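A.B. asks: One-letter residues, chain by chain:
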Amino acid sequence: DAKTTQPPSMDCAEGRAANLPCNHSTISGNEYVYWYRQIHSQGPQYIIHGLKNNETNEMASLIITEDRKSSTLILPHATLRDTAVYYCIVRVEADSWGKLQFGAGTQVVVTP
Amino acid sequence: EAQVTQNPRYLITVTGKKLTVTCSQNMNHEYMSWYRQDPGLGLRQIYYSMNVEVTDKGDVPEGYKVSRKEKRNFPLILESPSPNQTSLYFCASRMGHLYEQYFGPGTRLTVT
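Residue numbers (our numbering), protein chains in the order written: chain X, 1 to 112; chain D, 113 to 224.
Incorrect hints may have been included.
[Claimed, not checked] Ranges between beta-carbon positions, derived for each pair:
#, chain 1, residue 1, chain 2, residue 2, range
1, X, 67, D, 132, 41 to 51 Å
2, X, 66, D, 140, 35 to 45 Å
3, X, 30, D, 130, 34 to 44 Å
4, D, 166, X, 17, 39 to 49 Å
5, X, 57, D, 129, 40 to 50 Å
6, D, 185, X, 104, 29 to 39 Å
It is worth saying that the hints were derived from the structure and are not from the lab. Quick caveat, the model's predicted, so the values are computed rather than measured. Virtual Cβ for every residue (Gly too), placed ideally from N, Cα, C.
Construct the complete structure from the given sequences, taking the supplied hints into account.
C.D. replies: Written out as structure tokens, the structure is:
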């Protein structure tokens with residue numbers, strides 16, 4: 001699986017959009033970009049994933065660059081409950097036994 | 113409510129005293145995994161199971177055992193716990209061809 005690089009931390013004001021970058025310059029054609037988050041010592045929570053098209057769900061939007069070497073997770077209206085560590089993961093979908101390689105992630109702190 | 117449950121949530125034990133951490137999911141998922149999370153090391157997979165009676169080692173299986181006698185349950189067994197197994201443990205499940213993993217709330221284990 002390709003390696004990902006994320007900033008170690010970022011702050012965001014409550015009610016504003018949070019844009020979380022992720023670099024995955026060695027991504028291959030069959031690898032998906034996944035985002036999970038972990039709120040202080042709780043179990044990680046799936047957010048969104050995509051291959052090459054932009055994706056949106058009730059939690060967030062995922063923007064993947066045309067060359068697929070980087071992506072951005074957007075939390076449109078950050079709340080205090082969005083304070084968490086956010087993980088960008090790249091993996092092959094055919095990996096059916098489901099191991100996720102979590103890196104260090106980005107610690108996001110949403111402030112009032 | 114779809115969920116993964118783990119018990120106990122917190123456990124303090126002594127070296128060498130056998131223990132079992134239970135994991136149960138109510139989503140009829142085929143795939144289940146155990147991870148441990150340690151500061152600076154991220155989440156690492158211990159064991160996984162693709163279905164009943166089908167299990168295999170992850171990245172850090174030493175000192176652990178698992179069993180999958182029923183689809184919903186995937187207990188983690190420490191036959192002779194040691195202090196280096198002090199960690200935060202997560203169970204996760206996933207349907208075979210769907211994308212996200214569902215994680216349990218975690219079990220914080222301390223071995224003295």
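A.B. asks: So which of those numbered hints doesn't the model satisfy?
C.D. replies: none
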